[in-house]
Amino acid sequence: MSHRQLRGLIAVVLVLAVAGICAAGAPPVADTVNIHVESVLAADTHEGMDARLASMSDRLKALFDYSTYRLVSRNESKTSCGRMVAFTLPGGRILHIAPQEVGDGMIAMELILFQGAQPVMSTDLKLPNHGVLILGGPRYQEGMLIVFVSVDSPDAGRAAPPDISTTTPVSGDHP
Amino acid sequence: MIECNDIAPLLSAFHDGELTPQEMLEVARHTAGCSECDATLAAYRTMGTELRESPIVEPPEWFALSVMTRIDRLRPSMLTRFGRYLRETNERIGASLSLGTAAVAIAVLTAVIVTPYIQRLSTGQAHALIASADHMPVSVSSVKAGAQNDVSSQSGAANDAHTVISRLQSENPAVAVWSEPRSDTTVIWLPDRQQ
Numbered sequence: 000m001s002h003r004q005l006r007g008l009i010a011v012v013l014v015l016a017v018a019g020i021c022a023a024g025a026p027p028v029a030d031t032v033n034i035h036v037e038s039v040l041a042a043d044t045h046e047g048m049d050a051r052l053a054s055m056s057d058r059l060k061a062l063f064d065y066s067t068y069r070l071v072s073r074n075e076s077k078t079s080c081g082r083m084v085a086f087t088l089p090g091g092r093i094l095h096i097a098p099q100e101v102g103d104g105m106i107a108m109e110l111i112l113f114q115g116a117q118p119v120m121s122t123d124l125k126l127p128n129h130g131v132l133i134l135g136g137p138r139y140q141e142g143m144l145i146v147f148v149s150v151d152s153p154d155a156g157r158a159a160p161p162d163i164s165t166t167t168p169v170s171g172d173h174p
Numbered sequence: 000m001i002e003c004n005d006i007a008p009l010l011s012a013f014h015d016g017e018l019t020p021q022e023m024l025e026v027a028r029h030t031a032g033c034s035e036c037d038a039t040l041a042a043y044r045t046m047g048t049e050l051r052e053s054p055i056v057e058p059p060e061w062f063a064l065s066v067m068t069r070i071d072r073l074r075p076s077m078l079t080r081f082g083r084y085l086r087e088t089n090e091r092i093g094a095s096l097s098l099g100t101a102a103v104a105i106a107v108l109t110a111v112i113v114t115p116y117i118q119r120l121s122t123g124q125a126h127a128l129i130a131s132a133d134h135m136p137v138s139v140s141s142v143k144a145g146a147q148n149d150v151s152s153q154s155g156a157a158n159d160a161h162t163v164i165s166r167l168q169s170e171n172p173a174v175a176v177w178s179e180p181r182s183d184t185t186v187i188w189l190p191d192r193q194q
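For the protein sequence lines, the chains are X and H, in the order given. Okay, so the first sequence: first residue is 0 according to numbering that gives the first Met the number 0, each after it adds one. Okay, so the second sequence: first residue is 0 according to numbering that gives the first Met the number 0, each after it adds one.
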């Protein structure tokens with residue numbers, strides 16, 4: 000190999016090394032997660048369904064048996080895996096959501112529900128992309144607070160369709 | 000007046016004819032009138048003659064071998080070794096092919112190792128690890144334990160499309176969990192303890 004060829008090769012190596020260093024310095028590609036949190040007051044005051052809850056009307060009726068559903072607050076946030084987001088809920092409650100992994104149509108996350116500064120529930124779970132988690136039960140005003148947590152990520156892909164099965168309420172204090 | 004101290008450094012160059020014409024003239028004039036400098040110049044002539052007439056001594060055969068052995072023992076620099084490797088490769092498969100191979104290898108290494116794609120790979124491995132662990136598909140479950148509830152010990156066949164709760168802790172003894180798979184909805188019911 001001639002000196003000229005050797006110099007050319009060294010130049011190529013240097014250019015690639017510089018490109019690699021620049022790429023390493025760039026922020027890593029993070030999985031984006033969109034989180035929507037909607038707080039709904041459910042009560043037996045016979046006021047019907049809040050028009051703003053039309054999109055989740057069927058879901059509410061299938062899961063609960065209240066006569067009043069009223070949207071109290073609606074929040075949304077965009078975050079990435081490893082970055083916690085805090086949502087302020089009605090009644091002095093705070094919900095921390097920290098997505099952990101995204102993939103295979105699922106979004107893994109950690110949720111912690113606080114009543115003031117006191118954690119009252121903590122969970123690690125994986126939700127299907129576009130899946131919904133409902134946190135319910137805390138008393139609020141004249142009824143119960145139902146918190147819809149829906150997550151989606153463009154990086155999660157699609158999961159296999161779920162099996163069709165019936166919903167079976169379990170014993171407890173839920174309606 | 001030029002002194003001997005000025006002329007002495009020029010005598011060797013004068014003997015070799017390496018001075019400027021003006022210097023050559025000055026040195027010649029000085030040595031013509033200075034026996035000491037003329038003797039020094041004569042000594043240069045004699046030494047030159049003797050060196051030219053001395054026999055040429057051939058080095059012994061072991062000398063070259065010894066020198067080359069010592070050179071081989073010296074570890075060459077990285078660049079030298081890399082150049083040597085390329086030269087040998089070039090001899091074997093040709094310059095263009097070796098250049099292309101090296102460039103492609105470096106480009107692939109740069110793309111795979113240095114860029115964030117490696118993080119994608121590690122994330123995929125983490126998914127595989129989690130998939131192998133025991134998780135609870137939340138179709139129907141209820142937790143009515145005592146002071147602290149932890150459902151991570153319950154397990155079953157996981158379906159990727161179902162919500163999977165791997166841990167749930169609460170001080171509340173009346174926590175209930177159920178799901179509505181048709182709408183991908185999972186409920187964690189956490190009534191106030193005062194109820």
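One should not assume that every hint holds.
To be verified - Which bits of chain X does chain H cover? Going by a derived footprint, with three or more residues having C-beta under 8 Å, they are: (1) 84-93; (2) 125-137.
What the hints assert, rightly or not - Covered, in the sense of this in silico footprint (three residues per stretch, anywhere, with C-beta under 8 Å from a C-beta of chain X), are these stretches of chain H: (3) 29-37; (4) 167-174; (5) 184-190.
What the hints contain is simulated information worked out from the structure, not anything from laboratory work. Just so it is clear, CB atoms sit at the ideal spot from N, CA and C, and this is done for glycine as well.
Here is how each hint holds up against the structure:
As drawn, the stretch 84-93 of chain X meets chain H at 0 residues by the rule of a beta-carbon pair under 8 Å; below three, the given contact is violated. Evaluation of the coverage hint for the stretch 125-137 of chain X: fulfilled, as 12 residues show C-beta separations to chain H shorter than 8 Å, against a requirement of three. Evaluation of the coverage hint for the stretch 29-37 of chain H: breached, as 0 residues show C-beta separations to chain X shorter than 8 Å, against a requirement of three. For the stretch 167-174 of chain H, the proposed coverage by chain X is satisfied: 7 residues have a C-beta within less than 8 Å of a C-beta in that chain, meeting the threshold of three.
Only when three residues or more bring their CB closer than 8 Å to a CB of chain X does the claim for the stretch 184-190 of chain H stand; here the count is 7, and the claim holds.
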